[in-house]
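Asker: Listed here are the chains, written in short residue letters.
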Amino acid sequence: MSSTHLLEVNNLKTTFSTEKGPITAVDDVTFIVKAGEVLGIVGESGCGKSVTSESIMRLLNERSTKYEGEVLFEGENLLHLDNKEMRNIRGNKVSMIFQDPMTSLNPSQTIGHQIAEVIILHQKLKRKEAYKRAEEMLRLTGIPSPEKRIHEYPHEISGGMRQRVLIAIALACKPNLLIADEPTTALDVTIQAQILDLINDLRDEMNMGVIMITHDLGVVAEVCQRVVVMYLGQVIEESDVEELFSRPLHPYTRGLLQSIPQLDGDRSQKLHVIEGIVPSLYEVPKGCRFAPRCSFADELCLSESPTLENVNKNQKVRCWHYEKIMQKELSC
Amino acid sequence: MNTINEVIIKSDTLSQNKKELSIERRALFIRRVLANKMIVTGGVILFFISLIALFAPVITQFSPYELESTNRLKAPSATHWFGTDNFGRDIFSRVVYGARVSLVIGISVALITAVIGLFLGLYSAYYRKLDHVLMRFADGLMAFPSILLAIAIMAVMGPKAINVVIALVIVESPVVARVVRSAALVIKEQTYIEAMKAQGASAWRIIWGHIAPNILPSLIVQITYVFSVSMIIEAALSFLGAGIPAPSPSWGNILFDGKSVIYSAWWMTVFPGAFLLLAVLSSNLLGDGIRDLLDPHSNKANK
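If you read the protein sequences in the order shown, they are chains X and P.
To convert, count from 1 in the first sequence and add 54; that's our numbering.
To convert, count from 1 in the second sequence and add 371; that's our numbering.
Note that these hints are calculated values from the structure, not bench results.
Among the hints, erroneous ones may be present.
[What the hints assert, rightly or not] Looking from chain X toward chain P, a few residues come up when the C-beta cut is under 8 Å (computed):
#1 L113
#2 R141
#3 N142
#4 R144
#5 M150
#6 F152
#7 D154
#8 L159
#9 V172
#10 E201
#11 H205
#12 I223
[To be verified] If you anchor each label on the Cβ, the simulated ranges turn out as follows:
#13 V486/P with N131/X: 38 to 44 Å
#14 K500/P with Q381/X: 55 to 61 Å
#15 L501/P with E183/X: 35 to 41 Å
#16 F400/P with L317/X: 51 to 57 Å
#17 T72/X with D510/P: 25 to 31 Å
#18 K138/X with D510/P: 32 to 38 Å
#19 V557/P with R117/X: 18 to 24 Å
#20 G612/P with K138/X: 52 to 58 Å
#21 V557/P with V327/X: 35 to 41 Å
#22 K138/X with R402/P: 42 to 48 Å
#23 H668/P with D352/X: 55 to 61 Å
#24 F400/P with K138/X: 36 to 42 Å
#25 L133/X with L587/P: 52 to 58 Å
#26 E337/X with L399/P: 36 to 42 Å
[What the hints assert, rightly or not] List of simulated lysine-lysine pairs, DSSO-like, C-alpha gap at most 30 Å:
#27 K500/P with K138/X
#28 K389/P with K178/X
#29 K67/X with K500/P
#30 K178/X with K559/P
#31 K178/X with K390/P
#32 K202/X with K390/P
#33 K559/P with K147/X
#34 K67/X with K559/P
#35 K390/P with K182/X
#36 K228/X with K559/P
#37 K367/X with K340/X
#38 K180/X with K389/P
Here a beta-carbon is modelled for each residue, glycine too, at the ideal position from N, C-alpha and C.
With the hints as constraints, model all of the structure from the sequences given.
Answerer: As structure tokens, this is what we get:
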């Protein structure tokens with residue numbers, strides 16, 4: 055079994071100790087990523103998407119963070135590795151692309167140096183060979199005349215190019231798993247499409263698993279095969295991408311989908327809004343976490359929290375009333 | 372065979388590109404330096420003082436120790452350009468040799484504190500526990516007025532040139548460490564440092580490869596300040612009799628000798644004082660200019 059699953063996250067729980075007491079930013083998150091597959095993680099700001107990815111890489115402050123559960127990467131629990139073993143994984147087998155290309159590159163070093171560094175670090179190549187690899191990686195990401203660009207500093211190139219450099223760094227050691235934390239948020243739409251295509255092509259070429267973290271459902275539709283929807287630190291729905299768009303089960307997912315403007319819709323109508331705000335992690339609602347904002351909520355929802363249930367083999371949902379919602383959907 | 376040739380050609384164009392780029396960047400850098408009036412002024416003055424100090428034996432006719440009891444307290448003249456002191460020593464020679472003392476002490480204190488401050492600052496920024504210990508030490512040292520602390524250290528170790536350097540290093544290192552630390556704390560929270568961690572870089576690599584280069588501008592500016600301050604403190608220590616021991620020519624010593632005759636022999640106070648002022652002023656100008664040049668947020672940097 056585990057050989058087919060590149061990454062298996064089981065009941066991951068990440069707790070920060072803060073001045074106001076412990077808060078659980080990621081609560082009981084479970085999902086898998088297969089080789090060659092793109093898994094989308096979507097949700098509003100503050101729902102725990104980024105903390106999930108940083109927990110997988112164990113990048114959070116070691117002293118104030120507690121991890122529970124397991125993160126099995128190729129059968130090995132990353133949460134139990136020591137720092138040195140973890141460093142060997144990071145950037146080598148699991149890499150990450152950060153959100154903001156403007157601040158994710160060191161301004162005082164050339165981009166060639168920064169790509170070559172990770173190659174030298176993990177593959178023990180000589181400097182010259184590493185630079186040649188760096189140049190190849192830049193060419194692969196579609197940067198014109200990489201042999202010149204390689205000696206330039208980050209301030210000398212544009213945002214889209216910097217994002218390509220970040221991708222080149224992340225892919226330099228041919229990782230098995232790529233975590234892309236909103237890789238296109240800071241870019242304009244044309245560059246976005248190019249970058250997504252690029253990630254997709256490279257995934258095909260290297261057969262790597264990708265976790266695409268985003269709040270943009272358009273990105274999900276374009277590149278992902280499976281989607282995990284998160285709300286307030288929990289997975290509330292997991293499904294194949296087609297089913298998520300054609301038959302969303304959780305009221306929150308439905309709300310999210312309805313809030314996308316339609317090209318052919320009635321333009322005079324206002325966009326759908328999910329009422330209320332995401333509650334603070336200090337005062338997580340009792341019962342279902344979405345209940346205070348949910349139009350389907352009843353007594354049960356407010357008092358007891360639902361579990362993530364298998365609806366069918368491709369879809370899981372954390373809601374007491376998903377069957378009712380499904381029926382209502384069918385009847386209209 | 373073919374592929375080898377290709378590789379050679381490829382790496383040739385690679386280094387060719389690099390060479391062109393670095394020549395271009397160097398030209399731009401030189402242009403910016405020359406456009407900065409503070410750097411040019413400070414640099415030129417400091418360069419002349421260094422030349423004078425370097426060629427002291429060539430440009431002076433008298434030894435700074437040579438006593439001429441017949442020529443005491445002579446006003447400036449063609450033979451004694453800056454006059455003579457109350458022992459009949461040539462003030463010009465003493466001022467010129469004094470420049471050597473001041474510059475050597477200033478430079479060595481600046482370099483040593485740079486290294487120590489860089490180490491302490493970087494590591495205390497990176498390791499929070501170490502930070503608590505080191506910075507409390509620094510607080511303790513910085514609680515003393517710097518001259519007072521330097522005098523106390525000199526009193527314990529005795530008046531010797533090397534001890535002046537040691538005392539000044541002890542006094543100035545915490546200041547440099549503080550500056551480095553605060554700059555490093557800012558850099559440490561940047562995304563590219565987190566990105567480096569995500570690539571599996573070790574603490575050593577992050578500290579020296581990625582934080583250190585980015586705090587260099589602050590360090591360089593701070594070091595020019597340490598350079599000028601240590602020349603002032605050295606003069607003050609010598610003036611108070613706790614610095615360079617008496618017969619040695621040091622600007623502070625000459626000022627001290629001149630103190631008792633300040634109303635009759637103004638030249639004993641004015642010339643060493645003027646040189647001290649010039650040296651400190653020029654290094655401060657240089658420091659300010661470098662700050663403007665290296666700080667990307669200052670509008671003067673974009674000339």
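Asker: Tell me if V172/X is really an interface residue toward chain P, meaning its C-beta lies closer than 8 Å to one of theirs.
Answerer: Holds - the Cβ of V172/X comes within 8 Å of chain P, reaching about 5 Å at its closest.
Asker: Given the hinted pair K228/X and K559/P, is their Cα-Cα distance within 30 Å?
Answerer: Holds, because 27 Å separates the two Cα atoms, which is no more than 30 Å.
Asker: Taking the CB of V557/P and the CB of R117/X, does the distance hold inside 18 to 24 Å?
Answerer: holds (21 Å)
Asker: Are the Cα atoms of K202/X and K390/P separated by 30 Å or less?
Answerer: holds (11 Å)
Asker: Between K67/X and K500/P, is the straight-line Cα distance small enough, at 30 Å or below?
Answerer: holds (27 Å)
Asker: Answer holds if the nearest beta-carbon of chain P is closer than 8 Å to that of E201/X; otherwise answer violated.
Answerer: Check passed: Cβ of E201/X comes within 6 Å of chain P, closer than 8 Å.
Asker: Holds or violated: K67/X with K559/P, Cα cutoff 30 Å?
Answerer: holds (27 Å)
Asker: Hint validation: I223/X versus chain P, beta carbon distance must be below 8 Å. Holds or violated?
Answerer: Status holds, d = 7 Å.
Asker: Starting from the hint 52 to 58 Å, judge whether the C-beta atoms of L133/X and L587/P obey it.
Answerer: violated (37 Å)
Asker: Are V486/P and N131/X spaced within 38 to 44 Å by their CB atoms?
Answerer: 43 Å Cβ-Cβ, so the 38 to 44 Å window holds.
Asker: The hint names N142/X as touching chain P; please verify it with the least Cβ-Cβ distance against 8 Å.
Answerer: Holds, because the Cβ-Cβ distance from N142/X to chain P comes to roughly 6 Å (cut-off 8 Å).
Asker: Holds or violated: 35 to 41 Å for the Cβ distance of V557/P and V327/X?
Answerer: holds (39 Å)
Comparing the model with each numbered hint stated earlier shows that hints 25 and 26 do not hold.
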